[in-house]
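A.B. asks: Place chain B on chain A using the hints.
Protein chains: 2
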Amino acid sequence: MNLIESFQSQLQQAFPYVSKIHTKLLLAVSGGVDSIVLVDLFYKAGFDFMIAHCNFHLRGEESNRDEMFVKTIAELYQKEIFIQHFDTVKIAEVEKTSIEETARNLRYHWFTELLNEERNFPSSLQNKFIVTAHHANDTIETLLMNFFRGTGIGGLHGIPAHNENIIRPLLFAKREAIIAYAKANNLNWVEDSSNQSETYTRNFFRLNFLPNMQEYFPKVEGNLLNNIERFKEVEILYTQAVDLNRKKLLQQKGNEFFMPVLLLQKIPAQQTLLWEILKGFSFSQSQIPEVVKLLSSTSGAYMDAQTHRIFKNRNHLIITPLAERFSQQILINEGDKNVSFEGGSLKFSLMQNDGNIEKTSAIAMLDTKNLEFPLLLRKWKAGDYFYPLGMKKKKKLARFFIDQKLSLSQKEALWLIESNKKIVWVLGLRIDDRFKVLASTQKILKIEFKYR
Amino acid sequence: MNLIESFQSQLQQAFPYVSKIHTKLLLAVSGGVDSIVLVDLFYKAGFDFMIAHCNFHLRGEESNRDEMFVKTIAELYQKEIFIQHFDTVKIAEVEKTSIEETARNLRYHWFTELLNEERNFPSSLQNKFIVTAHHANDTIETLLMNFFRGTGIGGLHGIPAHNENIIRPLLFAKREAIIAYAKANNLNWVEDSSNQSETYTRNFFRLNFLPNMQEYFPKVEGNLLNNIERFKEVEILYTQAVDLNRKKLLQQKGNEFFMPVLLLQKIPAQQTLLWEILKGFSFSQSQIPEVVKLLSSTSGAYMDAQTHRIFKNRNHLIITPLAERFSQQILINEGDKNVSFEGGSLKFSLMQNDGNIEKTSAIAMLDTKNLEFPLLLRKWKAGDYFYPLGMKKKKKLARFFIDQKLSLSQKEALWLIESNKKIVWVLGLRIDDRFKVLASTQKILKIEFKYR
Numbered sequence: 001m002n003l004i005e006s007f008q009s010q011l012q013q014a015f016p017y018v019s020k021i022h023t024k025l026l027l028a029v030s031g032g033v034d035s036i037v038l039v040d041l042f043y044k045a046g047f048d049f050m051i052a053h054c055n056f057h058l059r060g061e062e063s064n065r066d067e068m069f070v071k072t073i074a075e076l077y078q079k080e081i082f083i084q085h086f087d088t089v090k091i092a093e094v095e096k097t098s099i100e101e102t103a104r105n106l107r108y109h110w111f112t113e114l115l116n117e118e119r120n121f122p123s124s125l126q127n128k129f130i131v132t133a134h135h136a137n138d139t140i141e142t143l144l145m146n147f148f149r150g151t152g153i154g155g156l157h158g159i160p161a162h163n164e165n166i167i168r169p170l171l172f173a174k175r176e177a178i179i180a181y182a183k184a185n186n187l188n189w190v191e192d193s194s195n196q197s198e199t200y201t202r203n204f205f206r207l208n209f210l211p212n213m214q215e216y217f218p219k220v221e222g223n224l225l226n227n228i229e230r231f232k233e234v235e236i237l238y239t240q241a242v243d244l245n246r247k248k249l250l251q252q253k254g255n256e257f258f259m260p261v262l263l264l265q266k267i268p269a270q271q272t273l274l275w276e277i278l279k280g281f282s283f284s285q286s287q288i289p290e291v292v293k294l295l296s297s298t299s300g301a302y303m304d305a306q307t308h309r310i311f312k313n314r315n316h317l318i319i320t321p322l323a324e325r326f327s328q329q330i331l332i333n334e335g336d337k338n339v340s341f342e343g344g345s346l347k348f349s350l351m352q353n354d355g356n357i358e359k360t361s362a363i364a365m366l367d368t369k370n371l372e373f374p375l376l377l378r379k380w381k382a383g384d385y386f387y388p389l390g391m392k393k394k395k396k397l398a399r400f401f402i403d404q405k406l407s408l409s410q411k412e413a414l415w416l417i418e419s420n421k422k423i424v425w426v427l428g429l430r431i432d433d434r435f436k437v438l439a440s441t442q443k444i445l446k447i448e449f450k451y452r
Numbered sequence: 001m002n003l004i005e006s007f008q009s010q011l012q013q014a015f016p017y018v019s020k021i022h023t024k025l026l027l028a029v030s031g032g033v034d035s036i037v038l039v040d041l042f043y044k045a046g047f048d049f050m051i052a053h054c055n056f057h058l059r060g061e062e063s064n065r066d067e068m069f070v071k072t073i074a075e076l077y078q079k080e081i082f083i084q085h086f087d088t089v090k091i092a093e094v095e096k097t098s099i100e101e102t103a104r105n106l107r108y109h110w111f112t113e114l115l116n117e118e119r120n121f122p123s124s125l126q127n128k129f130i131v132t133a134h135h136a137n138d139t140i141e142t143l144l145m146n147f148f149r150g151t152g153i154g155g156l157h158g159i160p161a162h163n164e165n166i167i168r169p170l171l172f173a174k175r176e177a178i179i180a181y182a183k184a185n186n187l188n189w190v191e192d193s194s195n196q197s198e199t200y201t202r203n204f205f206r207l208n209f210l211p212n213m214q215e216y217f218p219k220v221e222g223n224l225l226n227n228i229e230r231f232k233e234v235e236i237l238y239t240q241a242v243d244l245n246r247k248k249l250l251q252q253k254g255n256e257f258f259m260p261v262l263l264l265q266k267i268p269a270q271q272t273l274l275w276e277i278l279k280g281f282s283f284s285q286s287q288i289p290e291v292v293k294l295l296s297s298t299s300g301a302y303m304d305a306q307t308h309r310i311f312k313n314r315n316h317l318i319i320t321p322l323a324e325r326f327s328q329q330i331l332i333n334e335g336d337k338n339v340s341f342e343g344g345s346l347k348f349s350l351m352q353n354d355g356n357i358e359k360t361s362a363i364a365m366l367d368t369k370n371l372e373f374p375l376l377l378r379k380w381k382a383g384d385y386f387y388p389l390g391m392k393k394k395k396k397l398a399r400f401f402i403d404q405k406l407s408l409s410q411k412e413a414l415w416l417i418e419s420n421k422k423i424v425w426v427l428g429l430r431i432d433d434r435f436k437v438l439a440s441t442q443k444i445l446k447i448e449f450k451y452r
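Heads up: the sequence lines are chains A and B, in that order.
Heads up: the first sequence runs through residues 1 to 452, numbered per full-length UniProt numbering.
Heads up: the second sequence runs through residues 1 to 452, numbered per full-length UniProt numbering.
Please keep in mind that the hints were generated in silico from the structure rather than gathered at the bench.
Treat the hints with caution; some may be incorrect.
Identical copies look the same in the list; a pair holds intra-copy or inter-copy alike.
Said to hold, decoys possible - Lysine-lysine pairs mimicking DSBU-like chemistry, simulated, CA-CA at most 35 Å apart:
| # | residue 1 | residue 2 |
| --- | --- | --- |
| 1 | K219 | K174 |
| 2 | K20 | K293 |
| 3 | K411 | K393 |
| 4 | K71 | K422 |
| 5 | K411 | K392 |
| 6 | K128 | K436 |
| 7 | K436 | K369 |
| 8 | K293 | K174 |
| 9 | K359 | K396 |
| 10 | K24 | K293 |
| 11 | K293 | K71 |
| 12 | K79 | K44 |
| 13 | K393 | K183 |
| 14 | K405 | K392 |
| 15 | K248 | K266 |
| 16 | K369 | K279 |
| 17 | K266 | K247 |
Small disclaimer: the values here were computed from a predicted structure and weren't measured.
Bound conformation, chain A alone (with noise of 0.2 Å):
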């Protein structure tokens, strides 16, 4: 069979749902040979389909030639054909991606885009999808990448041949056999120059890696291809037994999730079942040990990710969303000795004036006289101000904060405590003058701060 006869075959099987009518695609061309091939394929299949074309401005003149290269490709076809611009470099710096991820974002979000627009991809189409033009060397890779940066069972199942609006029809195609078909028909395409650090490991892959296995392993090429077909059945029946576990181990009550320690003391693939339970409450790979360890640890021990702590209560494991734990007021009781919020934990101690006034930033020696009980425990917010000690006139918080050269993540760290609406004390920066320790004091409220 050739290329376009297998072609046709796979999208019959593979991919039922698009036929030639009630049917419009988008093709991603960059003008490499897989999408030049790609719009040939579904040229001759007689498709209705239109071209977008990305100019990432990754490789100068390059970016340029293949723009216009790919705008003559669709005068060729006689298709419509939708270029984006993008500053891939500059907005990779501001979102703190990689080059290579940020690419793949613009990518997908502007053909998403395209496809919604109702002028070009009509709702009143059976079907529209994306379609791009990754074969079965790009899977290999995929997979062979993940393998050796360290994967679970999720990293091996390759480039998935549909996700949501999008279809990657020539997934079962080598390479070689795209580029015999390319030449075979005569098809011009623009080759990438760029050494990216990806395309550099997949140019690895391709020129090194994979011609050397060929010695020992000669069938090594259709051996992955069939382990990604394995490996994807085998993802379907773990997650099939994960879900089973979640149910036995997981039960809420409320805001709170509750595993029971014994039970998880003695399950089969503890760390494996902890993380994907876990994961879901915005816990790293990485704490997965430290949460076994919550196991044999006495009540009280916990450990916090980004949305979610979990504690060792008892018998329980329990995961609690921190926004729930915390509340960002606290109100603080007259006799109260210990408080626990988001930002650290207060200690108080009431004591006779002695005369000796510590004075570091993580302790306020307060007068009793002019408390008013319950003091509130609260972040600070614009409009606060109080009377910095040794000052006699007041002062914007805000104000302060830059006499103190704060930065903006200290600044909203910071939390303060309230005596009927004045404020009392800056945790950690400074007391207000009106509750400071006078030769008159008598009784002293001592309050140490400890940061988390």
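C.D. replies: Below, chain B without anything else, positioned relative to chain A:
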């Protein structure tokens, strides 16, 4: 932590049942650096052990040099040593297994024999184990070999640390750490200059593949070891799901197993589940696509494996043992039109004698006058005799077969039909002269035989 410390901590963690008392070990020592370090570590840790060395005679004088060297090691550490010689090449030829597989089989078989010798390993011991020196790079190489040859999840767990009576306590250690330990402790060892195909592939991974990969994936060794740990747990969960699906899919009735076609048609991971179920009935992985086709075949369609047949019967695929399906004796009643049996199938038709006798070995034309129903279809047995067509005196079948120059397997496959204890037809070979069609014959029973 140096190697001896991490070795001891690894022993405690992964092999808590291996203690210095009540445990006796049999160390497999080739003389290579891994096994020499194994001896040194167990010696320094104060364990009770003996040494076993196989001389596979695969490398001429070098094999004998290794044997001599391991003897000096046993003397040095004052441990008892067992040495066994194997004519590996010859055994591999007879058993038709590769040299590596043969050596592996011989080795573990002999080790187990040693472990079962009451004199050296009395049953009063709490624990006794064979210990091999496999290390982290061995398990990485095994993972890679399976991966590139093509594998399911079962090929991704590396070398097991403990199975049956074998433990492998050095799996945690990388080759370079073992060599560094040997050098630091002034240990001597021998190098294996062999180039058996598996060694050849392992050398490729060690000397070419991994150093090459490290340029692109600096932590590749650690990543692969972590993969192995994760894949072990994935395999546990995968097996849970397979077992659950098997319960849903497979219903036993007597000797037969029923699988509902409708359920199979829509079950996720169809191919993998069919393979996991059918491999227990001697089917091979390459037969699975054919089994999938059976789902949409007409009733009666079937596929055979060595011990079982799977056939479509209305809404089920039915797995049935071949030996059970075909009894060794089948009664053929007057009027039976078709008979299926292990050796093939028979078609019966009755006709008037019009003087045309078909003379092919697959067809018997018999005079009905002398036939007594039911006929008996059975395999031949020692002592059987008949009157071969054209002969007037009886002949033992065994003798007849010699004249016919039948091979053993041809003889074993032979079936015959008898009528009232007289042999009527040796299927596919010769009818009995007493039942041949004569000019006077009126009615003929025509039997057509079709091999399986």
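A.B. asks: For every hint, state whether the structure bears it out.
C.D. replies: Okay, the hints, checked on the actual structure:
In this assembly of identical chains, the alpha carbons of K219 and K174 lie at most 35 Å apart whether taken from the same copy (13 Å) or from different copies (29 Å). Proximity of K20 and K293 under a CA criterion of 35 Å is satisfied inter-copy only: 28 Å between copies versus 58 Å inside one chain copy. In this assembly of identical chains, the alpha carbons of K411 and K393 lie at most 35 Å apart only when taken from the same copy (22 Å versus 116 Å across copies). Proximity of K71 to K422 under the C-alpha cut-off of 35 Å is found in neither arrangement, the shortest distances being 68 Å within a copy and 88 Å between copies.
In this homomeric assembly, K411 and K392 come within 35 Å of each other (Cα to Cα) only inside a single copy, at 24 Å, whereas the closest approach across copies is 117 Å. Taking the shortest Cα distances, K128 and K436 never come within 35 Å of each other, neither inside one copy (71 Å) nor across copies (75 Å). With identical chains, the CA atoms of K436 and K369 are at most 35 Å apart within one copy only, with a shortest distance of 10 Å there and 130 Å across copies. With identical chains, the CA atoms of K293 and K174 are at most 35 Å apart between copies only, with a shortest distance of 26 Å across copies and 47 Å within one.
Proximity of K359 to K396 under the C-alpha cut-off of 35 Å is restricted to the intra-copy arrangement: shortest distance 23 Å within a copy versus 117 Å between copies. In this assembly of identical chains, the alpha carbons of K24 and K293 lie at most 35 Å apart only when taken from different copies (33 Å versus 54 Å within one copy). Within a single copy, K293 and K71 get their C-alpha atoms no closer than 60 Å, and across copies no closer than 46 Å, so neither meets the 35 Å cut-off. With identical chains, the CA atoms of K79 and K44 are at most 35 Å apart within one copy only, with a shortest distance of 13 Å there and 77 Å across copies.
Proximity of K393 and K183 under a CA criterion of 35 Å is satisfied in neither setting, with 83 Å inside one chain copy and 75 Å between copies. Proximity of K405 to K392 under the C-alpha cut-off of 35 Å is restricted to the intra-copy arrangement: shortest distance 21 Å within a copy versus 123 Å between copies. Taking the shortest Cα distances, K248 and K266 sit within 35 Å of each other both inside one copy (13 Å) and across copies (26 Å). Neither within a single protomer nor between protomers do K369 and K279 lie at most 35 Å apart by alpha-carbon distance, with minima of 50 Å and 84 Å respectively.
When the C-alpha separation of K266 and K247 is checked against a cutoff of 35 Å, the pair qualifies both within a copy, at 16 Å, and between copies, at 24 Å.
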